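S.K.: The two chains are supplied separately, each in an independent frame; assemble them into the complex guided by the hints.
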Amino acid sequence: MNIKPDPTFHASAKLAMEAPAEKLAFTLMLSPDGSQPDGLAVVDVDPISKTYGQIVHSLFMPNKGDEFHHFGWNACSSSLSPLTGHAFLERRYLIIPGIRSSRIYIIDVKEPLKAKIHKIIEPEEVFAKTGYSRPHTIHCGPEGIYVSTLGGGGPDGTDGPPGMFIMDCETFDILGRYEMDRGVQDKQYDFWWNLPRNYMVSSEWGLPPQFENGIVPEDLLSNKYGHSIHFWDLRGRKNVQTIDFGENHQMALEIRPAHDPAKEYGFCGVVVDTTNLEGSIWTWWRKEDGTFDAKKTVTIPPQAADPDDLPELLKGFSAVPPLVTDIDLSLDDKYLYVACWGTGEMHQYDVSDPMNPKLAGKVELGGIVADTKHPNGKDFAYGPQMVEISRDGKRVYWTNSLYSSWDDQFYPDDEGGQMVMANVGENGGLTLDKDFYVEFPKGYRSHQIRLEGGDCSTDSFCYPNV
Amino acid sequence: MGAGVYHGLNPGMGWPLAVSAALMEKRRSALWGALAALAAGHFLAMTAILLPFSMMAALVEWQTSIRVGAGLLVVVLGLYLLINRRHPRFLARVPPSRLALWSFLAAMAHGAGLMLVPIFLGICAPSEVDAGHGAAGALMAGNVGTAFFVAFVHTLAMSLAGGILAAIMYFWLGLKFLSKTWFNLDVVWALSLIVVGGIGVATALN
Numbered sequence: 001m002n003i004k005p006d007p008t009f010h011a012s013a014k015l016a017m018e019a020p021a022e023k024l025a026f027t028l029m030l031s032p033d034g035s036q037p038d039g040l041a042v043v044d045v046d047p048i049s050k051t052y053g054q055i056v057h058s059l060f061m062p063n064k065g066d067e068f069h070h071f072g073w074n075a076c077s078s079s080l081s082p083l084t085g086h087a088f089l090e091r092r093y094l095i096i097p098g099i100r101s102s103r104i105y106i107i108d109v110k111e112p113l114k115a116k117i118h119k120i121i122e123p124e125e126v127f128a129k130t131g132y133s134r135p136h137t138i139h140c141g142p143e144g145i146y147v148s149t150l151g152g153g154g155p156d157g158t159d160g161p162p163g164m165f166i167m168d169c170e171t172f173d174i175l176g177r178y179e180m181d182r183g184v185q186d187k188q189y190d191f192w193w194n195l196p197r198n199y200m201v202s203s204e205w206g207l208p209p210q211f212e213n214g215i216v217p218e219d220l221l222s223n224k225y226g227h228s229i230h231f232w233d234l235r236g237r238k239n240v241q242t243i244d245f246g247e248n249h250q251m252a253l254e255i256r257p258a259h260d261p262a263k264e265y266g267f268c269g270v271v272v273d274t275t276n277l278e279g280s281i282w283t284w285w286r287k288e289d290g291t292f293d294a295k296k297t298v299t300i301p302p303q304a305a306d307p308d309d310l311p312e313l314l315k316g317f318s319a320v321p322p323l324v325t326d327i328d329l330s331l332d333d334k335y336l337y338v339a340c341w342g343t344g345e346m347h348q349y350d351v352s353d354p355m356n357p358k359l360a361g362k363v364e365l366g367g368i369v370a371d372t373k374h375p376n377g378k379d380f381a382y383g384p385q386m387v388e389i390s391r392d393g394k395r396v397y398w399t400n401s402l403y404s405s406w407d408d409q410f411y412p413d414d415e416g417g418q419m420v421m422a423n424v425g426e427n428g429g430l431t432l433d434k435d436f437y438v439e440f441p442k443g444y445r446s447h448q449i450r451l452e453g454g455d456c457s458t459d460s461f462c463y464p465n466v
Numbered sequence: 001m002g003a004g005v006y007h008g009l010n011p012g013m014g015w016p017l018a019v020s021a022a023l024m025e026k027r028r029s030a031l032w033g034a035l036a037a038l039a040a041g042h043f044l045a046m047t048a049i050l051l052p053f054s055m056m057a058a059l060v061e062w063q064t065s066i067r068v069g070a071g072l073l074v075v076v077l078g079l080y081l082l083i084n085r086r087h088p089r090f091l092a093r094v095p096p097s098r099l100a101l102w103s104f105l106a107a108m109a110h111g112a113g114l115m116l117v118p119i120f121l122g123i124c125a126p127s128e129v130d131a132g133h134g135a136a137g138a139l140m141a142g143n144v145g146t147a148f149f150v151a152f153v154h155t156l157a158m159s160l161a162g163g164i165l166a167a168i169m170y171f172w173l174g175l176k177f178l179s180k181t182w183f184n185l186d187v188v189w190a191l192s193l194i195v196v197g198g199i200g201v202a203t204a205l206n
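Chains as they are written, first to last, in the numbering used here: chain A, 1 to 466; chain B, 1 to 206.
The shape of chain B in the complex, shown without the other chains (with noise of 0.2 Å):
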């Protein structure tokens, strides 16, 4: 849910764009529309994420490995955002009126699923009685279930705080606000998933 908020506020997921939209076409309601298109794209960016670790977090014995490879794989996405700080071009070559796959890409390329996977698999891991007993089947549908309630309530979250702070610059603030707002948080996310990953390494070996 922090993690959605978060998500929410920083320019890349998108804020600016729902602005953007309203504004062109000359009608609140397009505000909303393209939250909602950023929306759908910023949740299935997270179910793609998600789902797969989901699976793989039922395989019980490999639990801990799994959750330590998590944590790795986000603490070195996080370096790598941090020592490369470029752009990514692909995204410039998304047309404006395909918000929801522009959202995704965004999400997906930095990472934003991804900084969900060690918070996540922290809720999955399975009590100490079920180790070994739990019908993996059963595991692997319980964690599905997770991981489509945690993409979603994290998107409700991110769109929030995203679609507040769209409504706030397009209702009171105006365009002036848009670039006093907007503040450089590249070396903080990438910052945030290093410490995402490295919590969950460490609750993993705990």
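Isolated chain A, as found in the complex (with noise of 0.2 Å):
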């Protein structure tokens, strides 16, 4: 407990874009065959520094086949909420779960290169306590952490249904399920929400046997996996209303809202179009009555290919699909960049008219057919996946992984961890950045990334920008 709030909590999402840059990120390494443990990486992002796109600490875990995929802060600027009184809490501690193992590590990064375990939630106790399995996306609120699960109970996490459970944000005890009356909802992957306006945003991707030991193509074109958003009373913890994008578009994932809380609107991606192998991007907004819309604001079409450059699962299609994986928005809401995985290209849009978005800027590397090397001469294994923006906006980070056995299928001959960054122009515009380039150790790849002292996907603001 500090006696005055953490430096690194802002009241607004503009007053934390003014915050000094970030030094140090973290990054979470993957062991895809689960032959080594799975570990957290400090990369260090300081330009002036002589370790600068360096690893400057690994922490490995004790235990292999976790399958770190994304984490979270144990606090952020939520804790300077007037409503909840956590102000004092200190962002200390990174919250990584396993999603194959369903263990959820609390790493002491106080001292980040002497970061340390502080706690180790065995998977028994997250069955016992929740019925639910495989838990994923970490924010913290109002009544703690959150952390959204993306199986049920049972071995293969199809027993009842996926969803959210609760931990206390100082003991990291289980505190139960989070879901009073769950409507429809049968699927989980993302959520966000918008905290003084007391609404939260879920999404879809789907069950364990869907995903776990690859995509299941079958499925895909039969459009079982998640195609709905669902949006939920926050403190009353109801879903109030559930939005299906059309069963044709597959994998609702990424749920971004705008950061400054008076703007009452969002984007979601959604993965493909089984019609047409578009990815696509959903705004979704707040109406004056209360309840909620979403439209269909971006398309990214597929490219047509060559069936003898691509992997079995898309030969019949001759065209790659963009896949978009991951979607983030930098604080000022201005532009939410996308990442589209199998066409291998970063997308920058300007979404100041959050239904109309623009294409401002675009990044080629890697991709399935293009497979277009870094700028420094290197390959980059997979496509452009997870990525952060640093929180003045000026720089975009990404890694490559989606998932182990997705990779697997997608890109059967690669292999490989990287972590790149991009530069912003004053007016838009995307530039890779030749000079930094992290490998991760050999038989690692790279998931989720997370900024010291915050970054564009982690902080929920609860005042507006004045």
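Note that these hints are calculated values from the structure, not bench results. Predicted, not measured: the structure shown is a model, and the values here were computed from it. Even for Gly, the Cβ is constructed at its ideal location relative to N, Cα and C. Take the hints with a grain of salt, since some may be wrong.
What follows is a set of in silico ranges between Cβ atoms, one per label pair, in the way DEER data are often shown [said to hold, decoys possible]:
{"hint": "1", "chain 1": "A", "residue 1": "N2", "chain 2": "B", "residue 2": "G174", "range": "13 to 23 Å"}
{"hint": "2", "chain 1": "B", "residue 1": "R89", "chain 2": "A", "residue 2": "V56", "range": "29 to 39 Å"}
{"hint": "3", "chain 1": "B", "residue 1": "R89", "chain 2": "A", "residue 2": "A128", "range": "16 to 26 Å"}
{"hint": "4", "chain 1": "B", "residue 1": "A36", "chain 2": "A", "residue 2": "E124", "range": "48 to 58 Å"}
{"hint": "5", "chain 1": "A", "residue 1": "K238", "chain 2": "B", "residue 2": "R86", "range": "21 to 31 Å"}
{"hint": "6", "chain 1": "A", "residue 1": "A19", "chain 2": "B", "residue 2": "F90", "range": "27 to 37 Å"}
{"hint": "7", "chain 1": "A", "residue 1": "T242", "chain 2": "B", "residue 2": "F90", "range": "21 to 31 Å"}
Taking lysine-lysine pairs in the DSBU-like style, the calculated list, with each CA pair at most 30 Å apart, reads [what the hints assert, rightly or not]:
{"hint": "8", "chain 1": "A", "residue 1": "K358", "chain 2": "A", "residue 2": "K373"}
{"hint": "9", "chain 1": "B", "residue 1": "K26", "chain 2": "A", "residue 2": "K14"}
{"hint": "10", "chain 1": "A", "residue 1": "K50", "chain 2": "A", "residue 2": "K373"}
{"hint": "11", "chain 1": "A", "residue 1": "K434", "chain 2": "A", "residue 2": "K362"}
{"hint": "12", "chain 1": "A", "residue 1": "K295", "chain 2": "A", "residue 2": "K362"}
{"hint": "13", "chain 1": "A", "residue 1": "K334", "chain 2": "A", "residue 2": "K394"}
{"hint": "14", "chain 1": "A", "residue 1": "K4", "chain 2": "B", "residue 2": "K26"}
{"hint": "15", "chain 1": "A", "residue 1": "K110", "chain 2": "B", "residue 2": "K176"}
{"hint": "16", "chain 1": "A", "residue 1": "K263", "chain 2": "B", "residue 2": "K176"}
{"hint": "17", "chain 1": "A", "residue 1": "K110", "chain 2": "B", "residue 2": "K180"}
{"hint": "18", "chain 1": "A", "residue 1": "K394", "chain 2": "A", "residue 2": "K14"}
{"hint": "19", "chain 1": "A", "residue 1": "K362", "chain 2": "A", "residue 2": "K14"}
{"hint": "20", "chain 1": "B", "residue 1": "K26", "chain 2": "A", "residue 2": "K295"}
{"hint": "21", "chain 1": "A", "residue 1": "K394", "chain 2": "B", "residue 2": "K180"}
{"hint": "22", "chain 1": "A", "residue 1": "K315", "chain 2": "A", "residue 2": "K238"}
{"hint": "23", "chain 1": "B", "residue 1": "K176", "chain 2": "A", "residue 2": "K334"}
{"hint": "24", "chain 1": "A", "residue 1": "K296", "chain 2": "A", "residue 2": "K263"}
{"hint": "25", "chain 1": "B", "residue 1": "K26", "chain 2": "A", "residue 2": "K358"}
{"hint": "26", "chain 1": "A", "residue 1": "K4", "chain 2": "B", "residue 2": "K180"}
{"hint": "27", "chain 1": "A", "residue 1": "K23", "chain 2": "A", "residue 2": "K116"}
{"hint": "28", "chain 1": "A", "residue 1": "K4", "chain 2": "A", "residue 2": "K263"}
{"hint": "29", "chain 1": "B", "residue 1": "K26", "chain 2": "A", "residue 2": "K287"}
{"hint": "30", "chain 1": "A", "residue 1": "K4", "chain 2": "B", "residue 2": "K176"}
{"hint": "31", "chain 1": "A", "residue 1": "K434", "chain 2": "A", "residue 2": "K334"}
{"hint": "32", "chain 1": "B", "residue 1": "K176", "chain 2": "A", "residue 2": "K394"}
M.R.: What follows is the structure, encoded as structure tokens:
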């Protein structure tokens, strides 16, 4: 407990943008075959440092087969909520779930170069206290730490629907399920919210048998992955509305609300449209009467390809789909970054008018067919995937792995983990930084990135920009 | 009155909520609306605690025991808050639109009402002459009136203090100072309860 709020907590997104730039990044490393323990890499991102662009510390876990994916902080700017009185927590612990093992690690990064394990929550405890499995997205909010899960109970995670649970923000005890009324929600992936307006939005990927051993083509072609987003009364814990994008819009994944809570809209990325292989971005918003609506505002077409250049899975289509697997919104709510993991592109959209996004910049790197090299001449395995933006919006970082078994299906010949960075121009535009290229140790792939002091997909702000 | 100013300045009693409400609705009148709701909740919490004690205070013969008991109760709550530094999670379930309810619950959970009890009982202490002679009913009516009066004055002082702070933040300083002026008063608050309770016990025994 501090006497004054943690200096990395900011009342508004605008104040967070004015804070000092990040000097360190935390990136998850996963061993795709489970032969080595997964780990957390601390990467130096301070351009004036001698070890710039290098891994300056690594922490490996005592178990194997966790499959690290997403992670989050124990506390963020949401602690300044005037309603909850958690202003004196420290941003000190990273909550890292294993989506394959259901084990959760609490890592103390008060001294980042001496990062250490603070607590381990064993899978049995997660199962017993929640009836859920495969924990995924982490956000800190009014009642503590909220965790979404991808699986229900039972060995294959299909005994009951997946959902969310809450952890105590100080002791990290699992308190129990979040939902009081889940309505029609039967799949789960990401979630985020607007704290002062008291609503939450959640999305859907698929159930564990649909992803753990690889994508199931029959399920995809029969539109069995998730295609709806759910709106919740956050504190009432009730699903108040579900919007179905239409069953051909398979895998509605990342939820990115505007950071300024006075704005009542946000975005969601859809991986693939099974009628035409397009990727799409949807804008959702809250109407005057308090109900929600959503509209497709960006479509990204597939690119024609020679079947010989395509993996088994895609040969029949003679095209490579963009595969929109991650999106991220800058803190000024101006630019939305869209990872096209299939074609190997990172798109930058100007979303100043959220109903009418405009392509402002683009970087080509990796890709199933294009396989574009980094400007430093090195290969980039797979395509641009998990993306994170600096608080000031000037630097965009990303890694390359989607999910171990899916990487192998879409990119059977690739291997390796890399993290790169692109600079954002004064008036938009995106250019890869030739000097920033992190290679993870042999046998490791990399997934989500978190920036020291918070970034564009961790912090929830309780006061509008003024 | 002093206690009211003190409660008002404590962010735990809600002034940042008024700033947030005004900013979210983009009009300054929302600041006063939010402050009014917070004051209503706080006033209710004060009267809810003070009224039963005002009734009991009429039991003149038990006067000392009641005052000692009330003082001890406040000391115990202070000790509890000192040892258990966790925040009540039920407050997090109140939707932001229910400010008065939030204010009521926050004041209850923090023992803001109890803090007033020893002070209040000091005011109500019947003079020596009255002892044993005054009609219990009249005494009780008088005490109930005092309870409302104390709760009112206290809430007024608290709203003024919190309101001034919220207005300074909203009109001049801006959000940057919100996190800078937000001090952790948990320990000080718990200690105040112990001190106030202790003084209550001491004066009752004298």
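S.K.: Please go over all the hints and tell whether each is borne out by the structure.
M.R.: Hints, verified against the model:
no.: 1; hint: N2(A) <-> G174(B): 13 to 23 Å; in the structure: 22 Å, holds
no.: 2; hint: R89(B) <-> V56(A): 29 to 39 Å; in the structure: 38 Å, holds
no.: 3; hint: R89(B) <-> A128(A): 16 to 26 Å; in the structure: 21 Å, holds
no.: 4; hint: A36(B) <-> E124(A): 48 to 58 Å; in the structure: 51 Å, holds
no.: 5; hint: K238(A) <-> R86(B): 21 to 31 Å; in the structure: 26 Å, holds
no.: 6; hint: A19(A) <-> F90(B): 27 to 37 Å; in the structure: 33 Å, holds
no.: 7; hint: T242(A) <-> F90(B): 21 to 31 Å; in the structure: 28 Å, holds
no.: 8; hint: K358(A) <-> K373(A); in the structure: 26 Å, holds
no.: 9; hint: K26(B) <-> K14(A); in the structure: 16 Å, holds
no.: 10; hint: K50(A) <-> K373(A); in the structure: 26 Å, holds
no.: 11; hint: K434(A) <-> K362(A); in the structure: 16 Å, holds
no.: 12; hint: K295(A) <-> K362(A); in the structure: 23 Å, holds
no.: 13; hint: K334(A) <-> K394(A); in the structure: 12 Å, holds
no.: 14; hint: K4(A) <-> K26(B); in the structure: 28 Å, holds
no.: 15; hint: K110(A) <-> K176(B); in the structure: 24 Å, holds
no.: 16; hint: K263(A) <-> K176(B); in the structure: 20 Å, holds
no.: 17; hint: K110(A) <-> K180(B); in the structure: 21 Å, holds
no.: 18; hint: K394(A) <-> K14(A); in the structure: 14 Å, holds
no.: 19; hint: K362(A) <-> K14(A); in the structure: 25 Å, holds
no.: 20; hint: K26(B) <-> K295(A); in the structure: 27 Å, holds
no.: 21; hint: K394(A) <-> K180(B); in the structure: 27 Å, holds
no.: 22; hint: K315(A) <-> K238(A); in the structure: 44 Å, violated
no.: 23; hint: K176(B) <-> K334(A); in the structure: 22 Å, holds
no.: 24; hint: K296(A) <-> K263(A); in the structure: 19 Å, holds
no.: 25; hint: K26(B) <-> K358(A); in the structure: 29 Å, holds
no.: 26; hint: K4(A) <-> K180(B); in the structure: 7 Å, holds
no.: 27; hint: K23(A) <-> K116(A); in the structure: 19 Å, holds
no.: 28; hint: K4(A) <-> K263(A); in the structure: 29 Å, holds
no.: 29; hint: K26(B) <-> K287(A); in the structure: 18 Å, holds
no.: 30; hint: K4(A) <-> K176(B); in the structure: 13 Å, holds
no.: 31; hint: K434(A) <-> K334(A); in the structure: 25 Å, holds
no.: 32; hint: K176(B) <-> K394(A); in the structure: 22 Å, holds
In terms of the numbered hints stated before, the structure departs from hint 22 and from no other.
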